[in-house]
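J.: Chain by chain, the residues run as shown.
Number of protein chains: 2
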Amino acid sequence: MKPLFAALTVALAGSSVWADPLPSWNAGETKSAIIAFVDSVTDSASEAYVTPADRIAVFDNDGTLWAEQPAYFQLYFAIDMVRKMDPAALTSDALKAAAAGDVEALLATGKEGLLEVLAAAHSGMSVSDFQASVSDWMEEARHPTTGKPYDAMIYQPMLELLVYLRDEGFDTYIVSGGGIDFIRVLAPDAYGIDEAQVVGSSLVTDYVVGEAGPVLMKQPDLFFNDDKAGKPVAINHHIGKRPIFAGGNSDGDFEMLEWTTSGETPGFGLYVHHTDGEREWAYDREGHIGVLNRGLDEGSERGWHFADMAQDWAVIFPSTE
Amino acid sequence: MKPLFAALTVALAGSSVWADPLPSWNAGETKSAIIAFVDSVTDSASEAYVTPADRIAVFDNDGTLWAEQPAYFQLYFAIDMVRKMDPAALTSDALKAAAAGDVEALLATGKEGLLEVLAAAHSGMSVSDFQASVSDWMEEARHPTTGKPYDAMIYQPMLELLVYLRDEGFDTYIVSGGGIDFIRVLAPDAYGIDEAQVVGSSLVTDYVVGEAGPVLMKQPDLFFNDDKAGKPVAINHHIGKRPIFAGGNSDGDFEMLEWTTSGETPGFGLYVHHTDGEREWAYDREGHIGVLNRGLDEGSERGWHFADMAQDWAVIFPSTE
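First to last, the sequence lines map onto chains B and H. If you want the working numbering, it's the 1-based position in the first sequence plus 56. If you want the working numbering, it's the 1-based position in the second sequence plus 56.
No lab work stands behind these hints: they were computed from the structure. A few of these clues could be false.
Note that identical chains are pooled: a pair holds if it fits in a single copy or bridges any two copies.
Stated by the list, open to error - Straight-line Cα separation of at most 16 Å, EDC-like style, residue types lysine to aspartate or glutamate; simulated pairs:
(1) 167 - 185
(2) 297 - 158
(3) 167 - 267
(4) 167 - 320
(5) 284 - 262
(6) 152 - 277
(7) 297 - 149
(8) 140 - 76
(9) 284 - 245
(10) 297 - 185
(11) 284 - 76
(12) 140 - 192
(13) 204 - 277
(14) 140 - 185
(15) 152 - 136
Predicted model only: the values in this text are computed from it and were never measured.
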């Protein structure tokens, strides 16, 4: 190869004309639709052109950007925190089950028991102390089935999608039913998403000035539940614009996809469909986690796209570090 | 001048070595302190160096970035909206006073009356309809004393400070007691601040799916009061990091400055002090708007800086367009 042509090839390989922006996505309708959408909104000659300031993309976290089985990862964190509590403080069946690491018994205590365990692990400390605990936990804890660190169970194809969108001038946000203070600990390193671009559920937080100075104290009461119709509300509250790209995996994301695809400008709705029982978990209409009913029934007629994990994803998790 | 030197001069004029980043600020202690602080946190050889991702600057809006006398500008908007209401809907003294444009009579109805007028102007419509009204109003309305458009009553020196900070890698946020949906209409054009970087007070918002599709409806109940201790709470909620620069003008900003200057890394607290009764308004310890008592008493011993408008600002408002 002559030097000039070699240099040209190297230069072009870095551009979207030559490089595949989504190498872990198999060729197919969904991959093509994503790329066609991004091309249309970033082409200033296109009728669908959207200025960079309005290229907002929002993603659910659990089951969309990382796995959520056999239970939400944040619940494992809560259990591990309760395990460290003074045994004298384990005053309920739910707390005792959590301290014993008995997830089945904990789930059997119902929603009230779960909320008690979550409150014990997420309140009564400052935001910075809480986040230091999450950070330590993320280093040490291992997933009960795969034995991987939890932040190694992010989806490689979605990671590529995030990078691709940002390369094309999008701002990428997480809009999760999970805890905002929790997700912020991992979002920068795991996803390249800044803390300010994480939206989630939250507890009441109080500003308390003590002898050592002011702290933000996490209280047990719920401040905002960022799920279902709460997601478009939170998007307005935190971002102030309607997204043009939304990714989710459950009926808890339905309204977010609906809001994203109901604007004057075209919007892209993407559902991650958990179809791969071998490499991940296969589930949709049944169970307690990531239930996808209405989305499966109405998604296609609404023009939304489905990432069939078994079929569309060549890789699920990043290769082991 | 020889061509090479001319080119060099042009190149250097664009750098902070030669150009004054704050031309509307008179030389003095406050201007020097701002520049010294920015130099220290952006110099990678400095002990005080802060990475760009953590260079967060927060600013109050009313009385800090634009004027707030003789009443908050958002109140004039509310009055103008009530004026357009069906007379049959004017069922209280407060609404009648507002519709008559009688600010004195409206203020005499007290906090309850004010809240009623604000609720009438800010709820019962979608966020997008509300923002279209604000946009129209901003075009047409004129300030009762100066006759200027309200968005021409922003402070030129603060505008320069915002640009300077952004040029030095800061993210600049508004953290205001005013309404988040209101401020977002003007922030991009007036301040170069994106909607997502506006934090403010807000009403409950509901996601409602009607025949014409989904809308976000503004309800009359308060969701969050972004004032006093609410400001650090909102900063955590929206940004997720402690700022290193905070600007305010009243005791409502005290906790925001306190939080900003209590971190492990050095933080800069700036109070705009309204000392110029000729070019603007002179007020601090007394009145209903922008009261600054504790800040004046404790600011200096806390190491905060004061922009004395009469002394430090060569220009107040931008030159007429």
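J.: Which of the listed hints are broken here?
T.: Those not satisfied are hints 1, 2, 3, 4, 6, 7, 8, 9, 11, 13.
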